[in-house]
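Enquirer: As a plain string of letters, each chain reads:
Number of protein chains: 2
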Amino acid sequence: MRDVAIVGVSQTKFGELWEKSFRDLVVEAGIDAIRDANMNGEDIDAMYIGNMTGGLFVGQEHIGSLIAEHSGLTPIPATRVEAACASGGLALRQAIMAVASGYYDRVMAAGVEKMTDVVDATPAIAAAADREWEAQQGVTFPSLYAMMAKRHMYEYGTTREQIAGFAVLGHKNGALNPKAQFQREISVDAVLNSTKVASPLNILDCSPVSDGAAAIIVCPADEAHKYTDTPIYIRASTQASATISLHNRKSLTTIPSTIFAAKKAYDMANLTPKDMDMAEVHDCFSINGLIAIEDLGFFEKGKGGQAIEDGLIERDGDIAVNPSGGLKARGHPLGATGIAQAAEITWQLRQEAGKRQVSDATSGITLNIGGTGGTAAIHILSVDRK
Amino acid sequence: MRDVAIVGVSQTKFGELWEKSFRDLVVEAGIDAIRDANMNGEDIDAMYIGNMTGGLFVGQEHIGSLIAEHSGLTPIPATRVEAACASGGLALRQAIMAVASGYYDRVMAAGVEKMTDVVDATPAIAAAADREWEAQQGVTFPSLYAMMAKRHMYEYGTTREQIAGFAVLGHKNGALNPKAQFQREISVDAVLNSTKVASPLNILDCSPVSDGAAAIIVCPADEAHKYTDTPIYIRASTQASATISLHNRKSLTTIPSTIFAAKKAYDMANLTPKDMDMAEVHDCFSINGLIAIEDLGFFEKGKGGQAIEDGLIERDGDIAVNPSGGLKARGHPLGATGIAQAAEITWQLRQEAGKRQVSDATSGITLNIGGTGGTAAIHILSVDRK
Numbered sequence: 001m002r003d004v005a006i007v008g009v010s011q012t013k014f015g016e017l018w019e020k021s022f023r024d025l026v027v028e029a030g031i032d033a034i035r036d037a038n039m040n041g042e043d044i045d046a047m048y049i050g051n052m053t054g055g056l057f058v059g060q061e062h063i064g065s066l067i068a069e070h071s072g073l074t075p076i077p078a079t080r081v082e083a084a085c086a087s088g089g090l091a092l093r094q095a096i097m098a099v100a101s102g103y104y105d106r107v108m109a110a111g112v113e114k115m116t117d118v119v120d121a122t123p124a125i126a127a128a129a130d131r132e133w134e135a136q137q138g139v140t141f142p143s144l145y146a147m148m149a150k151r152h153m154y155e156y157g158t159t160r161e162q163i164a165g166f167a168v169l170g171h172k173n174g175a176l177n178p179k180a181q182f183q184r185e186i187s188v189d190a191v192l193n194s195t196k197v198a199s200p201l202n203i204l205d206c207s208p209v210s211d212g213a214a215a216i217i218v219c220p221a222d223e224a225h226k227y228t229d230t231p232i233y234i235r236a237s238t239q240a241s242a243t244i245s246l247h248n249r250k251s252l253t254t255i256p257s258t259i260f261a262a263k264k265a266y267d268m269a270n271l272t273p274k275d276m277d278m279a280e281v282h283d284c285f286s287i288n289g290l291i292a293i294e295d296l297g298f299f300e301k302g303k304g305g306q307a308i309e310d311g312l313i314e315r316d317g318d319i320a321v322n323p324s325g326g327l328k329a330r331g332h333p334l335g336a337t338g339i340a341q342a343a344e345i346t347w348q349l350r351q352e353a354g355k356r357q358v359s360d361a362t363s364g365i366t367l368n369i370g371g372t373g374g375t376a377a378i379h380i381l382s383v384d385r386k
Numbered sequence: 001m002r003d004v005a006i007v008g009v010s011q012t013k014f015g016e017l018w019e020k021s022f023r024d025l026v027v028e029a030g031i032d033a034i035r036d037a038n039m040n041g042e043d044i045d046a047m048y049i050g051n052m053t054g055g056l057f058v059g060q061e062h063i064g065s066l067i068a069e070h071s072g073l074t075p076i077p078a079t080r081v082e083a084a085c086a087s088g089g090l091a092l093r094q095a096i097m098a099v100a101s102g103y104y105d106r107v108m109a110a111g112v113e114k115m116t117d118v119v120d121a122t123p124a125i126a127a128a129a130d131r132e133w134e135a136q137q138g139v140t141f142p143s144l145y146a147m148m149a150k151r152h153m154y155e156y157g158t159t160r161e162q163i164a165g166f167a168v169l170g171h172k173n174g175a176l177n178p179k180a181q182f183q184r185e186i187s188v189d190a191v192l193n194s195t196k197v198a199s200p201l202n203i204l205d206c207s208p209v210s211d212g213a214a215a216i217i218v219c220p221a222d223e224a225h226k227y228t229d230t231p232i233y234i235r236a237s238t239q240a241s242a243t244i245s246l247h248n249r250k251s252l253t254t255i256p257s258t259i260f261a262a263k264k265a266y267d268m269a270n271l272t273p274k275d276m277d278m279a280e281v282h283d284c285f286s287i288n289g290l291i292a293i294e295d296l297g298f299f300e301k302g303k304g305g306q307a308i309e310d311g312l313i314e315r316d317g318d319i320a321v322n323p324s325g326g327l328k329a330r331g332h333p334l335g336a337t338g339i340a341q342a343a344e345i346t347w348q349l350r351q352e353a354g355k356r357q358v359s360d361a362t363s364g365i366t367l368n369i370g371g372t373g374g375t376a377a378i379h380i381l382s383v384d385r386k
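Read top to bottom, the protein sequences are chains A and B.
Letter by letter, the first sequence follows residues 1 to 386 in the working numbering.
Letter by letter, the second sequence follows residues 1 to 386 in the working numbering.
Think of the hints as simulated: they come from the structure by calculation, not from any bench.
There may be inaccurate statements among the hints.
It does not matter which identical chain is meant; a pair holds if it fits inside one copy or across any two.
Cut-off 25 Å, straight-line C-alpha distance, at most; resulting in silico cross-link-like pairs (SDA-like, lysine to any residue) [to be verified]: (1) Lys-250 to Met-153; (2) Lys-13 to His-225; (3) Lys-274 to Ile-31; (4) Lys-303 to Thr-159; (5) Lys-264 to Glu-42; (6) Lys-172 to Ser-21; (7) Lys-264 to Gly-41; (8) Lys-172 to Asn-38; (9) Lys-196 to Gly-157; (10) Lys-20 to Leu-192.
Use the sequences and the hints to build the structure in full.
Expert: Structure follows, in structure tokens:
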């Protein structure tokens with residue numbers, strides 16, 4: 001198996017981008033990533049696209065071919081990968097495997113979603129849940145995560161304020177990220193007093209509906225210095241599934257796919273949670289950020305809320321969580337999120353993260369979740385500091 | 001790169017399967033493939049699912065997780081791959097790369113589509129074309145392939161009867177396949193006198209709307225004899241893209257992604273078109289079967305019609321094309337087709353194809369096409385005959 005490195009990354013601005021189409025967004029991200037890798041289009045051997053539901057959002061499937069045409073990259077193989085909101089993370093995994101296998105050398109992994117072309121995004125998003133046993137009964141994602149939040153509060157005494165604190169953190173970091181959808185701070189009070197969505201979650205606990213794309217270029221680690229002075233090494237790429245339906249899980253306060261994929265990832269990288277300087281985790285709802293920092297092993301189960309309250313996951317805390325602003329503030333164009341997470345870790349490890357730079361970081365982890373955890377994808381990245 | 005072999009295959013009956021749901025179909029195929037490989041569920045390390053448009057057909061995305069749950073295979077990684085009607089072929093490719101890379105050892109590639117839960121399948125299928133420049137202008141796949149047929153007749157003198165002959169061949173073979181949707185023969189006259197769809201194509205030139213699933217299990221070639229006496233070896237797995245839109249191609253009578261992927265495949269396998277004993281090609285419309293046997297190099301461009309008329313692609317001809325009945329007669333549940341093609345070649349090479357057995361075959365090729373050729377996936381398989 002060949003080792004793999006990231007040599008180029010990009011992200012479009014995330015937000016309500018009325019002036020940009022689905023295809024515009026991903027082409028923009030792809031070109032920027034190719035430039036960032038000091039490559040030309042003809043250097044790319046294959047591409048993978050993470051996209052959740054182009055069919056339901058923009059009436060478009062066959063997305064690989066669409067993007068190959070509009071980026072001028074035909075006839076290279078172009079493959080779309082889907083696992084709900086973890087589509088981007090899985091596209092990155094396939095790109096890594098394509099290089100590791102020796103099938104291809106320079107591979108792009110991109111992610112894209114155009115969510116604002118429909119009047120109501122909810123039915124399309126609900127396709128990530130079990131259609132027959134969840135979605136058709138009227139259960140939506142805010143209500144599923146609300147149940148997880150209620151149970152976490154009941155089992156561990158987690159407070160409403162602690163949960164809100166994860167959203168506050170995201171906005172604090174997002175305020176420093178010029179590509180974030182929301183670049184302003186919010187307070188715990190603002191979260192608690194915002195419109196109720198599904199008790200106990202309010203609108204400011206929820207990541208937004210977003211348009212956007214991101215892209216990453218990987219190549220064999222031993223060729224990475226041809227393209228960049230600062231290759232970012234893939235130390236682990238893992239993935240696990242869990243039941244798509246929340247009611248078939250043993251617990252509502254942990255995501256078993258994260259636990260499984262995280263153990264594999266730390267083993268693969270020969271690292272521990274304590275070795276992680278930063279993390280980009282999947283806070284589609286504030287409670288999911290809280291659960292993530294426990295499931296990834298940064299804090300004991302049930303102690304995540306206190307860790308948030310104590311400032312341990314701030315940029316200058318024990319571990320910098322979501323320095324980008326996370327899904328809450330950077331935005332959450334579903335298929336793009338997993339790619340954007342790894343792009344953020346790359347910028348941070350290269351020390352190119354501007355005002356939101358985490359100091360002295362040499363390794364970071366991403367956690368990209370599909371649905372309520374039916375899919376989890378984890379990447380551990382590191383840099384060799386001279 | 002590790003060599004890879006097929007050790008288990010399966011296919012559900014294809015057809016209008018009102019009594020079976022999306023999830024029923026793929027679980028049935030998966031279990032049968034695991035049994036065929038003499039494995040248990042816990043032997044499977046990862047799975048890939050080819051599915052075109054669960055979102056538009058059954059309101060379901062996040063298909064990997066759904067299937068992992070309903071097949072009892074959590075927490076293994078489960079990844080859905082999409083490239084319109086080539087989704088199955090690409091799922092097989094990802095499974096092969098997952099083994100070749102060393103990431104996983106025993107990997108399932110499945111394909112599934114449930115097309116009969118909607119009143120009109122046409123809008124969902126049209127999502128495989130360019131939504132903005134083709135589908136929204138009212139162009140559907142029968143009309144796109146009709147243009148290709150008209151042009152082929154104009155450029156090469158191909159006759160309407162020769163094109164119809166490809167559908168006749170499919171039904172002749174399908175009549176011998178107990179898993180085919182249509183198990184009866186048809187005549188050239190029947191095709192010519194059937195309901196017009198898009199001139200010159202009639203309804204009997206078109207593959208049907210189908211429900212169905214198929215599955216394949218791959219493992220490292222050097223471990224294959226643990227599971228089967230007759231491993232089928234992956235000699236080549238290639239893929240290419242072309243413009244998703246037909247109007248942006250230089251020619252309407254050839255599919256450039258096939259040409260590109262076929263050249264790569266023959267090079268990878270160190271074989272030529274003449275070495276192929278059989279082929280499963282993508283006859284979503286009869287004209288596409290005709291174009292395929294030219295683009296794959298079996299016959300010179302423009303001579304495919306004559307080859308059909310002369311019986312050269314019958315089971316006892318120069319090369320046995322679509323011994324399964326092809327998309328026309330076996331049926332075409334979009335995401336399952338690419339998997340079913342490789343399953344058919346596997347049964348043939350194992351000499352387990354019953355009444356439709358091609359004699360003395362040692363190698364075969366599959367061509368799985370997405371859209372009008374925006375994606376092409378090719379596999380060359382072979383057996384070591386003792």
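Enquirer: Please go over all the hints and tell whether each is borne out by the structure.
Expert: Evaluated hints:
Proximity of Lys-250 and Met-153 under a CA criterion of 25 Å is satisfied intra-copy only: 17 Å inside one chain copy versus 62 Å between copies. Proximity of Lys-13 and His-225 under a CA criterion of 25 Å is satisfied in neither setting, with 28 Å inside one chain copy and 52 Å between copies. Taking the shortest Cα distances, Lys-274 and Ile-31 never come within 25 Å of each other, neither inside one copy (36 Å) nor across copies (41 Å). Taking the shortest Cα distances, Lys-303 and Thr-159 sit within 25 Å of each other inside one copy (11 Å), while across copies they are farther apart (75 Å).
Proximity of Lys-264 and Glu-42 under a CA criterion of 25 Å is satisfied inter-copy only: 17 Å between copies versus 35 Å inside one chain copy. Proximity of Lys-172 to Ser-21 under the C-alpha cut-off of 25 Å is found in neither arrangement, the shortest distances being 29 Å within a copy and 47 Å between copies. Taking CA atoms no more than 25 Å apart as the test, Lys-264 paired with Gly-41 passes between copies only; the shortest distance there is 20 Å, against 34 Å inside one copy. Neither within a single protomer nor between protomers do Lys-172 and Asn-38 lie at most 25 Å apart by alpha-carbon distance, with minima of 33 Å and 55 Å respectively.
Taking identical chains as interchangeable, the C-alpha atoms of Lys-196 and Gly-157 lie at most 25 Å apart only when both belong to the same chain, with a minimum of 21 Å there against 69 Å between chains. Neither within a single protomer nor between protomers do Lys-20 and Leu-192 lie at most 25 Å apart by alpha-carbon distance, with minima of 34 Å and 46 Å respectively.
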